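Novice: Take a look at the letters that make up each chain.
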Amino acid sequence: MTELISSLLRGVGTGSVYALLALGFVIIYKSTRVINFAQPALMLAGAVLVSYLVGPLGFFVAVAVAVAATAMLALGLERSVVRPMIGKPVFIIAIITIGIDIALRNVVNGFIGTDVRQVGSPWGLQSVRFAGVSVQERHIAMLLTALVIITVLFLFFKYSRLGLAMRATAFDQETALSQGVSVSTVFALSWAIAGGMAAVAGVFVASNAGIDQQIWIVALKALPAIIIGGLESLEGAIIGGITVGVVESLVATYQSDFAPWLGSNFSVVSPYVVMLIVLMVRPYGLFGTKEVQRV
Amino acid sequence: MSTAGSTTPRRRTQRLPGRPDMFTSYAENMRMLNTTPKRRSIAALVVVAVAVTFVLDDPTLQIFALGLAASIGAIGLNLVTGYCGQVSLGHAFFLAIGAYTAAALSGDPDGRTIGFGITNILIWLPAAGIVAGLAGILVAPLAARLRGLYLAIVTLGLVFLGEHIFKEWDELTGGPQVGREAAVPELFGFAFDESGDILTGDQKIYLLMLVLLIIFAVAARNLTRSKVGRAFHAIRDRDLAASIMGVQLAKYKTIAFAVSSFYAGCAGALLYIVTGFFDPTAFNLLLSVQYIAMILIGGVATISGSILGAMFITLLPPITRELAQFLPLLTTDPSASINIFIVEGVLYGALIIGFLLFEPRGLFGIWLRIRNYWKAWPFTY
Numbered sequence: 001m002t003e004l005i006s007s008l009l010r011g012v013g014t015g016s017v018y019a020l021l022a023l024g025f026v027i028i029y030k031s032t033r034v035i036n037f038a039q040p041a042l043m044l045a046g047a048v049l050v051s052y053l054v055g056p057l058g059f060f061v062a063v064a065v066a067v068a069a070t071a072m073l074a075l076g077l078e079r080s081v082v083r084p085m086i087g088k089p090v091f092i093i094a095i096i097t098i099g100i101d102i103a104l105r106n107v108v109n110g111f112i113g114t115d116v117r118q119v120g121s122p123w124g125l126q127s128v129r130f131a132g133v134s135v136q137e138r139h140i141a142m143l144l145t146a147l148v149i150i151t152v153l154f155l156f157f158k159y160s161r162l163g164l165a166m167r168a169t170a171f172d173q174e175t176a177l178s179q180g181v182s183v184s185t186v187f188a189l190s191w192a193i194a195g196g197m198a199a200v201a202g203v204f205v206a207s208n209a210g211i212d213q214q215i216w217i218v219a220l221k222a223l224p225a226i227i228i229g230g231l232e233s234l235e236g237a238i239i240g241g242i243t244v245g246v247v248e249s250l251v252a253t254y255q256s257d258f259a260p261w262l263g264s265n266f267s268v269v270s271p272y273v274v275m276l277i278v279l280m281v282r283p284y285g286l287f288g289t290k291e292v293q294r295v
Numbered sequence: 001m002s003t004a005g006s007t008t009p010r011r012r013t014q015r016l017p018g019r020p021d022m023f024t025s026y027a028e029n030m031r032m033l034n035t036t037p038k039r040r041s042i043a044a045l046v047v048v049a050v051a052v053t054f055v056l057d058d059p060t061l062q063i064f065a066l067g068l069a070a071s072i073g074a075i076g077l078n079l080v081t082g083y084c085g086q087v088s089l090g091h092a093f094f095l096a097i098g099a100y101t102a103a104a105l106s107g108d109p110d111g112r113t114i115g116f117g118i119t120n121i122l123i124w125l126p127a128a129g130i131v132a133g134l135a136g137i138l139v140a141p142l143a144a145r146l147r148g149l150y151l152a153i154v155t156l157g158l159v160f161l162g163e164h165i166f167k168e169w170d171e172l173t174g175g176p177q178v179g180r181e182a183a184v185p186e187l188f189g190f191a192f193d194e195s196g197d198i199l200t201g202d203q204k205i206y207l208l209m210l211v212l213l214i215i216f217a218v219a220a221r222n223l224t225r226s227k228v229g230r231a232f233h234a235i236r237d238r239d240l241a242a243s244i245m246g247v248q249l250a251k252y253k254t255i256a257f258a259v260s261s262f263y264a265g266c267a268g269a270l271l272y273i274v275t276g277f278f279d280p281t282a283f284n285l286l287l288s289v290q291y292i293a294m295i296l297i298g299g300v301a302t303i304s305g306s307i308l309g310a311m312f313i314t315l316l317p318p319i320t321r322e323l324a325q326f327l328p329l330l331t332t333d334p335s336a337s338i339n340i341f342i343v344e345g346v347l348y349g350a351l352i353i354g355f356l357l358f359e360p361r362g363l364f365g366i367w368l369r370i371r372n373y374w375k376a377w378p379f380t381y
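Line by line, the protein sequences are chains E and V.
Using my numbering, the letters of the first sequence correspond one by one to residues 1 to 295.
Using my numbering, the letters of the second sequence correspond one by one to residues 1 to 381.
Sample of chain E residues lacking proximity to chain V, with all beta carbon distances greater than 12 Å (derived):
1. 4
2. 59
3. 122
4. 129
5. 136
6. 145
7. 153
8. 161
9. 175
10. 177
11. 181
12. 258
Quick partial rundown of chain V residues pointing at chain E, CB under 7 Å, derived from the structure:
13. 149
14. 153
15. 346
None of these hints come from the bench; they were simulated from the model.
Since this is a predicted model, take the numbers as computed values, not measurements.
Where is the CB? At the ideal position from N, CA and C, for every residue including glycine.
Using the sequences and the accompanying hints, generate a full structural model.
Specialist: Laid out in structure tokens, this is it:
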């Protein structure tokens with residue numbers, strides 16, 4: 001029983017990191033209708049920045065600076081490479097973001113080198129015990145950080161002028177434009193927010209085993225999360241992210257006992273299996289809106 | 001004169017003097033090589049491609065043979081993504097299925113990995129294509145339900161699942177970092193990979209790839225100007241409108257995935273006979289992205305563009321490695337901060353972005369521009 005609970009808690013912890021990444025994807029998708037495949041590179045860039053800044057600045061200042069810098073980087077990418085392509089088919093823009101991802105990731109890899117870099121997070125691998133269940137501190141930190149960011153984000157969307165502009169743009173771009181909403185600001189802002197959140201997620205992903213050239217794969221686990229939740233739903237992204245984390249953690253705990261024939265490390269690909277099953281039943285995800293087509 | 005019905009015999013050869021672009025029948029207009037310059041240049045190209053065998057050294061020929069095999073795969077991806085508009089990031093998965101089917105069929109029965117000892121290329125090549133094609137048919141129902149980026153992500157998931165299966169299935173694949181030997185190219189006792197009196201093994205394999213590529217390219221070109229090809233175009237341009245015109249979406253999307261996967265399977269089977277050995281970690285997302293890059297850089301919805309792009313992407317790593325000798329900043333030492341592998345990766349990304357921003361029609365588009373410039377020369381305004 002304690003094994004189940006601690007496995008669930010681990011899942012919710014990592015799931016909240018996936019939720020942050022998934023929210024980044026969804027925010028960009030809602031405003032520009034494009035899936036930003038450069039998200040893994042932004043995550044990696046944020047984490048690597050922290051690993052360089054943590055020495056002189058200390059962990060929390062380093063994270064703040066890295067988040068701001070990654071947001072600026074994302075904004076710059078949107079402005080220079082993605083903006084000229086507005087109006088082109090979304091597939092083309094999505095492929096451009098793949099190009100950005102490959103280029104940026106290779107640049108960042110140059111700063112990682114062959115060794116493993118540490119972000120020096122204050123949590124390390126210590127655990128705390130609640131009623132006999134041991135939980136790693138970093139999983140609690142992940143969940144709390146995600147909760148704070150998500151709350152701030154939802155308040156921002158609900159009460160601020162810019163948040164309203166973003167919601168209006170997501171609802172109908174042309175109408176928003178005609179009401180005086182600066183759609184280009186919204187595009188830039190959505191990339192900046194997604195970039196900042198990717199950096200935060202990167203720090204947490206790296207807080208376990210450090211940064212090597214392979215951790216970018218983790219960011220792609222947000223893709224099944226957004227498909228499970230539905231591409232245009234913020235709530236769906238959060239629920240999808242947590243689902244992916246919990247499924248992965250449960251599979252990692254129990255699959256070797258119940259289904260060893262699936263092979264070791266099946267937990268890594270289990271989110272994609274869940275994604276396929278959800279899509280068989282609901283082609284637009286759990287919370288996505290069914291697309292209405294007009295000829 | 002203009003109607004080529006059942007009563008009027010088709011006039012294929014009649015040409016008006018001095019009017020090379022004047023076609024007097026539909027069949028003549030739709031011919032694959034409908035102008036004399038096209039016929040001559042294609043003939044010249046084939047002659048050059050064959051002549052290259054005796055000019056270049058074996059390592060260079062190996063790279064070219066890889067490019068030719070990759071071209072078959074790129075044509076396959078272009079059929080489903082370029083012509084039919086179904087974005088597939090799962091091409092690596094189908095390449096892997098073809099590669100392992102061929103390797104297992106022609107493998108040594110007493111070897112470390114699964115093998116049936118059927119080394120005849122006429123058996124394992126179609127088998128690789130058919131097994132991959134069947135896998136494509138299995139994926140197609142998902143494609144019929146999903147559109148656009150949803151499909152892209154699902155096919156991306158396929159690559160991850162495939163990578164996992166191939167890594168775990170040691171008996172078939174040899175396991176990661178170990179790998180297994182590739183298919184054995186043999187035709188009724190004639191071994192392509194062994195050096196003979198006249199030709200070396202690499203020269204034979206290069207010529208084999210060239211012949212196969214020509215067959216596959218002509219077949220694909222034929223498919224795209226048939227009823228099926230027109231249905232693909234209609235689905236790409238607007239699937240809803242196509243279905244209202246009577247194009248059965250599910251049927252044609254299934255055909256597109258099946259044919260594309262068939263090509264991918266054959267390409268996968270052929271790709272690794274050049275090096276003779278392959279590893280299950282090769283079939284990752286990067287491989288899929290490379291194929292996407294091939295068709296985007298070469299030219300979307302063109303067969304010759306697919307070949308151009310595949311050659312370009314295959315030649316890129318050797319060329320950047322050559323570059324390292326001239327630029328003192330670059331090293332092939334993987335521990336240096338600016339090494340050749342990083343430059344290569346950045347170049348991939350930058351090329352994809354650059355082509356999409358500035359020449360969306362790819363290398364084929366550049367060729368079209370050059371051709372049109374000289375067509376009207378010296379009146380190029």
